[in-house]
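**Q** Chains Z and P are the protein sequences, given in the same order. With the numbering used here, the residue at position 48 of the first sequence is 344, and numbering never jumps. With the numbering used here, the residue at position 71 of the second sequence is 367, and numbering never jumps.
The hints are simulated quantities; they were obtained by calculation from the structure and are not laboratory data. Check each hint, because a few of them may be wrong.
Heads up, the list lumps identical chains together, so a pair's fine if it works in one copy or across two of them.
Claimed, not checked - Straight-line distance between alpha carbons at most 20 angstroms, and here's what the computed EDC-like set of lysine to aspartate or glutamate pairs gives:
{"hint": "1", "residue 1": "309", "residue 2": "409"}
{"hint": "2", "residue 1": "357", "residue 2": "409"}
{"hint": "3", "residue 1": "393", "residue 2": "326"}
{"hint": "4", "residue 1": "340", "residue 2": "409"}
{"hint": "5", "residue 1": "380", "residue 2": "342"}
{"hint": "6", "residue 1": "380", "residue 2": "362"}
{"hint": "7", "residue 1": "309", "residue 2": "333"}
{"hint": "8", "residue 1": "308", "residue 2": "375"}
{"hint": "9", "residue 1": "340", "residue 2": "374"}
{"hint": "10", "residue 1": "308", "residue 2": "374"}
{"hint": "11", "residue 1": "380", "residue 2": "409"}
{"hint": "12", "residue 1": "320", "residue 2": "359"}
{"hint": "13", "residue 1": "401", "residue 2": "326"}
{"hint": "14", "residue 1": "401", "residue 2": "362"}
{"hint": "15", "residue 1": "346", "residue 2": "374"}
{"hint": "16", "residue 1": "330", "residue 2": "409"}
{"hint": "17", "residue 1": "346", "residue 2": "409"}
{"hint": "18", "residue 1": "308", "residue 2": "333"}
Every value quoted in this text rests on a predicted model; they were computed, and no experiment measured them.
Number of protein chains: 2
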Amino acid sequence: MINASPLKIMKKKQLIHHVFFWLKNPDSKEELNKLLEGLQTLSKIETVRKIHIGVPASTEKRDVVESSYSASELLFFDDLAGQKTYQDHPIHQAFVKNCSHLWQKVVVYDVVDV
Amino acid sequence: MINASPLKIMKKKQLIHHVFFWLKNPDSKEELNKLLEGLQTLSKIETVRKIHIGVPASTEKRDVVESSYSASELLFFDDLAGQKTYQDHPIHQAFVKNCSHLWQKVVVYDVVDV
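All chains, please: the whole structure from these sequences, using the hints.
**A** In structure tokens:
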């Protein structure tokens, strides 16, 4: 007899990788576009299950809202191994090589579903 | 004649609301569980399209990785209006009332897909 509920079996604990970028020249549309184009290339990495490339939304300004970043990269992986493959992948390394001169700061949050 | 490509028409620009919580007592499993239970109630808000509740993943420690938070709430909305409905919703307000004593810091990122 299997005790685990079907819901539990079906629920996949995904790995969420959310990166925020602060550009050296935050007012340069050209440099923002270069970064956004570079980020789009990451979708080709085979372990990336979902990708969202974005910019700050025009929600209400509140003390707790951090809106000073220039771009956001939100990736979903099946597991830790998928994230490691991404980190070491030539496409990711090419992105860092081609685009890292554009940013002054990066903050990464790695989250696992509970 | 409609000039927009079908791809452009179909692509929906979602609103991503990502909140990180730092507990007052980060070593208390009980308080973490209370917060996580509170966060689960947010899924009932009708404008929440997707919800991911999580904790720091055990990815490689790097200078750019922020892993000092206790819990993560990642929500997807269709648009700004959906996020506003969520902010003002009684379920969200009950969550804040019941759980805000648990945390010492909150950081919110609101992102819109490009």
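**Q** Against this structure, judge whether each hint is valid.
**A** For each hint, the structure was consulted:
In the homo-oligomer, the alpha carbons of residue 309 and residue 409 lie at most 20 angstroms apart inside one protomer (5 angstroms), although the nearest pairing across protomers, at 24 angstroms, exceeds that limit. Taking the shortest Cα distances, residue 357 and residue 409 sit within 20 angstroms of each other only across copies (19 angstroms), while inside one copy they are farther apart (28 angstroms). For a Cα distance limit of 20 angstroms, the shortest separation of residue 393 from residue 326 inside one copy, 18 angstroms, qualifies, whereas the shortest one across copies, 44 angstroms, does not. Taking the closest pair of Cα atoms, residue 340 and residue 409 come within 20 angstroms of each other only across two copies (18 angstroms); inside a single copy the shortest separation is 24 angstroms, beyond that limit.
When the C-alpha separation of residue 380 and residue 342 is checked against a cutoff of 20 angstroms, the pair qualifies only within one copy, where the shortest distance is 12 angstroms, while the shortest distance between copies is 35 angstroms. In this homomeric assembly, residue 380 and residue 362 come within 20 angstroms of each other (Cα to Cα) only across copies, at 17 angstroms, whereas the closest approach inside a single copy is 28 angstroms. Taking the shortest alpha-carbon separations for residue 309 and residue 333, only the inter-copy value of 17 angstroms comes in at or below 20 angstroms, while the best intra-copy value is 29 angstroms. Taking the shortest Cα distances, residue 308 and residue 375 sit within 20 angstroms of each other inside one copy (9 angstroms), while across copies they are farther apart (26 angstroms).
Taking the closest pair of Cα atoms, residue 340 and residue 374 come within 20 angstroms of each other only inside a single copy of the chain (15 angstroms); across copies the shortest separation is 25 angstroms, beyond that limit. Within a single copy, residue 308 and residue 374 get their C-alpha atoms as close as 8 angstroms, which meets the 20 angstroms cut-off; across copies the closest is 24 angstroms, which misses it. Taking the shortest alpha-carbon separations for residue 380 and residue 409, only the intra-copy value of 17 angstroms comes in at or below 20 angstroms, while the best inter-copy value is 25 angstroms. Taking the shortest alpha-carbon separations for residue 320 and residue 359, only the inter-copy value of 19 angstroms comes in at or below 20 angstroms, while the best intra-copy value is 23 angstroms.
Proximity of residue 401 and residue 326 under a CA criterion of 20 angstroms is satisfied intra-copy only: 18 angstroms inside one chain copy versus 35 angstroms between copies. With identical chains, the CA atoms of residue 401 and residue 362 are at most 20 angstroms apart both within one copy (14 angstroms) and between copies (13 angstroms). In this assembly of identical chains, the alpha carbons of residue 346 and residue 374 lie at most 20 angstroms apart whether taken from the same copy (10 angstroms) or from different copies (17 angstroms). In the homo-oligomer, the alpha carbons of residue 330 and residue 409 lie at most 20 angstroms apart only across protomers (16 angstroms), although the nearest pairing inside one protomer, at 32 angstroms, exceeds that limit.
With identical chains, the CA atoms of residue 346 and residue 409 are at most 20 angstroms apart both within one copy (15 angstroms) and between copies (13 angstroms). In this assembly of identical chains, the alpha carbons of residue 308 and residue 333 lie at most 20 angstroms apart only when taken from different copies (18 angstroms versus 30 angstroms within one copy).
Against the hints set out earlier in the document, no violation occurs for any number.
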